[in-house]
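Go ahead and model the full structure; you've got the sequences and the hints to work with.
If you're matching them up, the sequences are chains R and E in order. In this text, residue positions in the first sequence follow this note's numbering: the first is 5, and each later residue adds one. In this text, residue positions in the second sequence follow this note's numbering: the first is 2, and each later residue adds one.
Derived from the structure by calculation, the hints contain no laboratory data. Hints may be right or wrong, so weigh each one.
What the hints assert, rightly or not - Computed list of lysine-lysine pairs in DSSO-like fashion (alpha-carbon distance at most 30 Å, straight line):
(1) E/70 to R/10
(2) E/70 to R/80
(3) R/170 to R/80
As the list claims (entries may be wrong) - Partner residues aside, some chain E positions facing chain R, computed with beta carbon under 8 Å:
(4) 57
(5) 61
(6) 155
(7) 159
(8) 163
Note that the Cβ used here is the ideal one computed from N, Cα and C, for glycine as well.
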Amino acid sequence: MADDGKCRRFERLIVPHLDAAYDLARWLTRDALAAEEIVQEAYLRAYRFFDSFHGEEGRAWVLAIVRNTCFSMLDKEPPAGRFETFDEIAHSGAFDPMPSAEDAALARESAAQVRDAVAALPLEFRETVVLRELHGLSYREIAVVTDAPIGTVMSRLARGRLLLAKALGGPPDQDKE
Amino acid sequence: MDCARTRQLAQAYVDRELDVASSLALEEHLAACGDCRAHHEALRRVCAAVSSNIGFEPAPAGLRQRIAKEVCAQARCEPAWWQRPAAWLAAPAALLLAFATLFAVLGYQQLAGAGEERIVYHINESTNPATALRNLANHIESSPDLKAVVVAHNKGVDFLLAGARDAESGELFESGVAQLRARGVDFRVCGNTLARRAIDPRQVIPEARLVPSGIAEIGRLQTREHYAYMRL
Chain R
5 MADDGKCRRF
15 ERLIVPHLDA
25 AYDLARWLTR
35 DALAAEEIVQ
45 EAYLRAYRFF
55 DSFHGEEGRA
65 WVLAIVRNTC
75 FSMLDKEPPA
85 GRFETFDEIA
95 HSGAFDPMPS
105 AEDAALARES
115 AAQVRDAVAA
125 LPLEFRETVV
135 LRELHGLSYR
145 EIAVVTDAPI
155 GTVMSRLARG
165 RLLLAKALGG
175 PPDQDKE
Chain E
2 MDCARTRQLA
12 QAYVDRELDV
22 ASSLALEEHL
32 AACGDCRAHH
42 EALRRVCAAV
52 SSNIGFEPAP
62 AGLRQRIAKE
72 VCAQARCEPA
82 WWQRPAAWLA
92 APAALLLAFA
102 TLFAVLGYQQ
112 LAGAGEERIV
122 YHINESTNPA
132 TALRNLANHI
142 ESSPDLKAVV
152 VAHNKGVDFL
162 LAGARDAESG
172 ELFESGVAQL
182 RARGVDFRVC
192 GNTLARRAID
202 PRQVIPEARL
212 VPSGIAEIGR
222 LQTREHYAYM
232 RL
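Written out as structure tokens, the structure reads:
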């Protein structure tokens, strides 16, 4: 009986987040085929560890497993979630002035250009921006997924957006039409 | 609230993570301060540019099925409850066994998405891509649950390359493809074709992904994943 219940609970709480899992893996690896392998492995791990999950909201839990699986399969160190105080964040450049609305007419705003700009972000900024803007996770959920304090989530988000504003507001890319 | 504090809190405000009292104070400051308003607008634009231009990438249908299969295999590996002697003593076994089987079958079907309409569309040199995209959109309109995979091969890959435009209307194909992608259509490009025609794989738009061989992919989808074949 336990197994059947487990299977159904997994189906209800974890399976619906498969698209989110795949999307996150794609952004982390920038490789569609690697993303499929990672998500498949992550879902098997999730099922194996599912007994230890007691909540009702499976998204952040399974995305954290996807992220860990990404780093372990790619044999990479995840970005460390260092605790930063608000003052440190404020002095880190995270709240530097954005390019003003007129300067940043976001000259390059087509889907492909925005996607390239996000894909070019350093990993810790990229994952945070993607979790927030595409997946709509709260700061607290992003902190769970990326195993970082909320302050770090906020500063990564701010710095990531600043980099995006600069990338998209800059002079048009010669390669693009 | 002063300018420095406003800049610090602007992001949390945009992300709707700021408490009501601070939000009100921040709005009051924005109404009075042009500089902070410009900063705030710039931040908003960046957020909007990202969230409105980047679609969510749905998982390929094949992945869902592979996971369903593996998870079910793993679930079966563990001793099923009815195989434990205590269960036989505790309850009318046959009835419970029947229920368990039923649940397992229903569970598997839901997980594997059985019974859905699956079509693989073949696009090659004889296809007009604009017509194909239109037909595909119509098909999805009438069958919203359709699992559609488009496999492009030979000259058929051209419309999935960056900057490709419809010869008649002059419109970029990418936006039409992105719309279908957002509705779950999976575009796959033949890697052999790219190699043979010396096309850099980076030219393929991000909405589509590479498969080693278009023909093998169509064969695999038909035989292994029970897709019906359609030439567009």
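Here is how each hint holds up against the structure:
With a C-alpha separation of about 15 Å, the suggested pairing of residue 70 of chain E with residue 10 of chain R holds against the 30 Å cut-off. Taking the CA atoms of residue 70 of chain E and residue 80 of chain R, the gap is near 29 Å; set against the 30 Å cutoff, the hint holds. With a CA separation close to 28 Å, the supplied pair residue 170 of chain R and residue 80 of chain R stays within the 30 Å bound. Evaluation of the residue 57 of chain E hint against chain R yields a held restraint, the C-beta minimum of about 6 Å falling below 8 Å.
Checking residue 61 of chain E against chain R: minimum C-beta separation of about 7 Å stays under 8 Å; hint holds. Given the 8 Å rule on beta carbons, the hint for residue 155 of chain E is violated: about 22 Å separates it from the nearest Cβ of chain R. Because the beta carbon of residue 159 of chain E sits about 16 Å from the nearest beta carbon in chain R, more than 8 Å, this interface hint is broken. Given the 8 Å rule on beta carbons, the hint for residue 163 of chain E holds: about 7 Å separates it from the nearest Cβ of chain R.
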